[in-house]
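Starting from the known structure of chain A, fit chain B onto it as the hints suggest.
If you read the protein sequences in the order shown, they are chains A and B.
Residues 7 to 303 (the numbering used here) are what the first sequence spells out, left to right.
Residues 7 to 303 (the numbering used here) are what the second sequence spells out, left to right.
Incorrect hints may appear among the rest.
Intra- or inter-copy, both count: the list cannot distinguish identical chains.
[Stated by the list, open to error] Derived DSSO-like pairs (lysine-lysine); straight-line CA-CA distance at most 30 angstroms:
no.	residue 1	residue 2
1	K260	K286
2	K51	K191
3	K217	K264
4	K217	K98
5	K168	K302
6	K116	K247
7	K247	K101
8	K98	K242
9	K22	K302
10	K22	K51
11	K189	K158
12	K191	K98
13	K116	K22
14	K98	K203
15	K191	K168
16	K116	K98
17	K217	K203
18	K168	K59
19	K217	K302
20	K300	K247
21	K158	K205
22	K101	K116
23	K51	K242
24	K302	K191
25	K168	K158
No lab work stands behind these hints, which were simulated from the structure alone.
Fair warning: this is a prediction, and the values are worked out from it, not measured in the lab.
Protein chains: 2
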Amino acid sequence: MPTVTFLGTSCMQPTKERNHSALFFPHDTEGILFDCGENTQRQLKIAGIRPTKITRIFLTHWHGDHVLGLPGLLQTMAAAPYVGTLHVYGPKGSKERFGYMFRAFDFDAKLDLVVHDIEPGVVCDASLFEVHAAMLDHGVPCFGYRWVEKDKRRIKVAAVKKLGIPDGPLLGELQRGRSIEWKGKRVPADELTFLQKGKVIAYVVDTAPCKGAIDLAQGADLLICEAAYANALEDKGEQYKHLTARDAATIARKADAKQLVLTHFSQRYASTEDIEEDAKEIFPDVVCAYDFLKVKC
Amino acid sequence: MPTVTFLGTSCMQPTKERNHSALFFPHDTEGILFDCGENTQRQLKIAGIRPTKITRIFLTHWHGDHVLGLPGLLQTMAAAPYVGTLHVYGPKGSKERFGYMFRAFDFDAKLDLVVHDIEPGVVCDASLFEVHAAMLDHGVPCFGYRWVEKDKRRIKVAAVKKLGIPDGPLLGELQRGRSIEWKGKRVPADELTFLQKGKVIAYVVDTAPCKGAIDLAQGADLLICEAAYANALEDKGEQYKHLTARDAATIARKADAKQLVLTHFSQRYASTEDIEEDAKEIFPDVVCAYDFLKVKC
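Isolated chain A, as found in the complex (with noise of 0.2 angstroms):
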């Protein structure tokens, strides 16, 4: 049951309550990371989260409230120092452009890091999760994300004690689905055990309306997405293209998503009350992220 903490809620610009775009969560021996606006190094230690944990991030797009967290995380992580590969998922043109970063600022210690320039589709398929991607319409490209937590075989205690089973290698066996021998009897994985559902996290920010986020965002167990906009200024929301909270609603509501958690909100707005209360009129369970919140799913 992943908790993600939200580390950055602002919109284009930070105020003095919210730190621009990023948040995490761990999961297992991962830990995932979903943009890395500028001060994420800072805003992580404030959370009491170690940097070091992250082994994935997930970059929607290159404007800066996304991305100038980079050089300074890196170079924390690198000197703690970081152990095993950081694996970085962005646009086209990311791994150039990290180029250019390393040569812009000094970095004394290096970390083992890969750069992935991402299309469309699958594009990380770990051991107990994989992450989809699918464009959004912003004015460059980017890209809004889909966590899949594998489902998981879990054996039933009662049944297995029922019939006198130890643990040990024949446990094993059911856990990755295969029938065993018991007694002289096969014993289908079926009946001494049970799948269960994989949860599913949905980012989406920095966007017009599109087929991609509601695509992102089908029967999810959490959508994490913008409302940079109240709906009382959606001709904002369609100059800039960014969502405003009916927009948002629309989506979950669209996608079945089962919790909505808003974020990246303009800074002109002190209160998130006028944009809780519009998301709601379409999508009931429906809260506002806050720098430091963390939402279960």
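Frame of chain A; chain B shown alone:
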């Protein structure tokens, strides 16, 4: 009488309480920023300082904790929009580094920017102040700075009143240091005016003890100096080419500075009490800076 605002007082890594290096002070129509660590734009916002006030940025060197706030600050200034020309001064190669920075990140708005690759000496001669740079000893090209307010000629108000000289062009002549004719008699400027000595602010961070640091600090009204470590960690200071409290206080004493403010503390110090005590043994008029501290000089 410039008032300096400390925007960041940490060393290599930010802490919950301390941001990366930057300090700002306004002067007449100009705004001076020394260094621009990550998150400087948000620190300015919290301090209530409009980024468009900045007219000149002086970079000591290109380690991340001194420069990673540049792209974000420049974007925010450009979007404001920024009126006038922004001058940035830094070690040789700065111009090239800005080129890479602009290719690494998306910059929608542009501003009129002039980057100066500087050499030691007078690097800026503005109408009301000069800035001198001297090489420090940090392993990479690194400058310290000395901001020198030009002396101002002031009217001796009582003397002028006594002679009955009215407001107007004659006073202007006196302020420019020129003699005037009054009631058929020549009156030299020195009789009716005096020279008000300009203030001097020295900024010395990221260095081993060196002559350049003492030269910059000579007789300064305010010496802002690194003290990364308390005396007990002088081996770390030597190893990493940073100053201890004793080093900083010795520079202040040798240079006969009037006031010493320490900054750029290693993240290991939750409290700077030891650093302040160590420095006081050598130079009594010393305080340790914290984020958003304001110091008049």
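Each hint tested on the structure:
1. For a Cα distance limit of 30 angstroms, the shortest separation of K260 from K286 inside one copy, 14 angstroms, qualifies, whereas the shortest one across copies, 67 angstroms, does not.
2. Taking CA atoms no more than 30 angstroms apart as the test, K51 paired with K191 passes in neither setting, with 56 angstroms inside one copy and 72 angstroms between copies.
3. In this assembly of identical chains, the alpha carbons of K217 and K264 lie at most 30 angstroms apart only when taken from the same copy (18 angstroms versus 66 angstroms across copies).
4. Proximity of K217 and K98 under a CA criterion of 30 angstroms is satisfied intra-copy only: 21 angstroms inside one chain copy versus 49 angstroms between copies.
5. Proximity of K168 and K302 under a CA criterion of 30 angstroms is satisfied in neither setting, with 34 angstroms inside one chain copy and 79 angstroms between copies.
6. In the homo-oligomer, the alpha carbons of K116 and K247 lie at most 30 angstroms apart only across protomers (20 angstroms), although the nearest pairing inside one protomer, at 37 angstroms, exceeds that limit.
7. Proximity of K247 to K101 under the C-alpha cut-off of 30 angstroms is restricted to the intra-copy arrangement: shortest distance 25 angstroms within a copy versus 33 angstroms between copies.
8. In the homo-oligomer, the alpha carbons of K98 and K242 lie at most 30 angstroms apart inside one protomer (28 angstroms), although the nearest pairing across protomers, at 43 angstroms, exceeds that limit.
9. In this assembly of identical chains, the alpha carbons of K22 and K302 lie at most 30 angstroms apart whether taken from the same copy (26 angstroms) or from different copies (25 angstroms).
10. For the homomeric pair K22 and K51, the shortest alpha-carbon distances inside one copy (17 angstroms) and between copies (6 angstroms) are both at most 30 angstroms.
11. For the homomeric pair K189 and K158, the shortest alpha-carbon distance inside one copy (27 angstroms) is at most 30 angstroms, but the shortest distance between copies (102 angstroms) is not.
12. In the homo-oligomer, the alpha carbons of K191 and K98 never lie at most 30 angstroms apart, since the shortest distance is 55 angstroms inside one protomer and 79 angstroms across protomers.
13. For a Cα distance limit of 30 angstroms, the shortest separation of K116 from K22 across copies, 25 angstroms, qualifies, whereas the shortest one inside one copy, 33 angstroms, does not.
14. With identical chains, the CA atoms of K98 and K203 are never at most 30 angstroms apart, being 33 angstroms at best within one copy and 58 angstroms at best between copies.
15. In this assembly of identical chains, K191 and K168 lie within 30 angstroms of each other by CA distance solely inside one copy; the values are 15 angstroms within and 120 angstroms between copies.
16. Taking the closest pair of Cα atoms, K116 and K98 come within 30 angstroms of each other both inside a single copy (23 angstroms) and across two copies (24 angstroms).
17. For a Cα distance limit of 30 angstroms, the shortest separation of K217 from K203 inside one copy, 25 angstroms, qualifies, whereas the shortest one across copies, 67 angstroms, does not.
18. Proximity of K168 and K59 under a CA criterion of 30 angstroms is satisfied in neither setting, with 41 angstroms inside one chain copy and 76 angstroms between copies.
19. Taking the closest pair of Cα atoms, K217 and K302 come within 30 angstroms of each other only inside a single copy of the chain (26 angstroms); across copies the shortest separation is 57 angstroms, beyond that limit.
20. Only within a single protomer do K300 and K247 lie at most 30 angstroms apart by alpha-carbon distance; the minimum there is 28 angstroms, versus 41 angstroms between protomers.
21. Taking the closest pair of Cα atoms, K158 and K205 come within 30 angstroms of each other only inside a single copy of the chain (10 angstroms); across copies the shortest separation is 70 angstroms, beyond that limit.
22. In this homomeric assembly, K101 and K116 come within 30 angstroms of each other (Cα to Cα) both inside a single copy, at 16 angstroms, and across copies, at 24 angstroms.
23. Taking CA atoms no more than 30 angstroms apart as the test, K51 paired with K242 passes between copies only; the shortest distance there is 24 angstroms, against 34 angstroms inside one copy.
24. Proximity of K302 to K191 under the C-alpha cut-off of 30 angstroms is found in neither arrangement, the shortest distances being 42 angstroms within a copy and 87 angstroms between copies.
25. Only within a single protomer do K168 and K158 lie at most 30 angstroms apart by alpha-carbon distance; the minimum there is 22 angstroms, versus 95 angstroms between protomers.
Checked against the numbered hints given earlier, the structure breaks hints 2, 5, 12, 14, 18 and 24 and satisfies all the rest.
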